[in-house]
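Numbering follows the working numbering, with no gaps: position 156 of the sequence shown is 156.
Please note: incorrect hints may appear among the correct ones.
[Unchecked claim] If you anchor each label on the Cβ, the simulated ranges turn out as follows:
1) K99 x N79: 38 to 48 Å
2) K94 x E41: 35 to 45 Å
3) K110 x A133: 19 to 29 Å
4) N117 x T97: 36 to 46 Å
5) Q132 x N75: 36 to 46 Å
6) K96 x E37: 20 to 30 Å
These aren't lab readings, by the way, just hints derived from the structure by calculation.
From a predicted model like this one, the values you see are computed outputs, not experimental measurements.
The beta carbon of each residue, even a glycine, is placed where N, CA and C say it ideally should be.
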Amino acid sequence: MKNLYLLFVLFLCFSKSYGQEPIQEAYVKKTYVSVDEAWEEITFSRIIDVWSNRLGQLKISNAEFLKVLSDGKANMLENSAYVTAEFASQIQTKSKTEKNGLLKITYEGKLVFKTINGSYSPNAVIVFVINQADVVGLIIFNKENRKEIAVDLEVKA
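Throw the hints in and build the complete structure from the sequences for me.
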């Protein structure tokens with residue numbers, strides 16, 4: 001019986017951990033929108049909060065930003081429960097390491113906007129820009145309305 005317990009303990013010690021990667025909390029420093037294949041900086045009246053990790057989990061909180069991303073199709077209200085969107089059913093499609101050491105991981109899935117009228121769930125492509133262990137940027141492409149937005153993130157300490 002001791003051998004069975006010893007074998008079990010050894011198995012636990014040498015097995016790979018598939019625990020969940022922690023969620024990083026950040027806020028948006030700069031926001032850019034693609035207009036006629038050029039990037040223009042835009043600003044919002046409130047801070048855009050972002051919770052993400054390298055496994056493609058993403059939650060964005062800011063009604064004004066989400067209205068722009070959805071082209072007004074997501075009926076969001078500031079100071080209410082309807083200010084968030086979450087990335088769901090994500091599948092990693094590409095991973096690339098840049099010369100400057102940044103890792104870009106591309107995911108495809110549904111961006112689910114929680115709205116007053118239910119939900120709005122367009123297909124989306126999101127590129128997570130990662131420096132070491134931190135997500136430092138996002139490029140979000142809403143496939144339904146062809147809207148593309150890029151954000152630079154500042155990790156909250």
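Status of the hints after comparison with the structure:
1. K99 x N79: 38 to 48 Å: Since K99 and N79 have Cβ atoms about 44 Å apart, the given range 38 to 48 Å holds.
2. K94 x E41: 35 to 45 Å: violated (26 Å)
3. K110 x A133: 19 to 29 Å: holds (26 Å)
4. N117 x T97: 36 to 46 Å: Hint holds: Cβ distance 42 Å, inside 36 to 46 Å.
5. Q132 x N75: 36 to 46 Å: holds (38 Å)
6. K96 x E37: 20 to 30 Å: Holds - the Cβ-Cβ distance for K96 and E37, about 21 Å, lies within 20 to 30 Å.
The structure fails to meet hint 2 from the earlier list, while all remaining hints are met.
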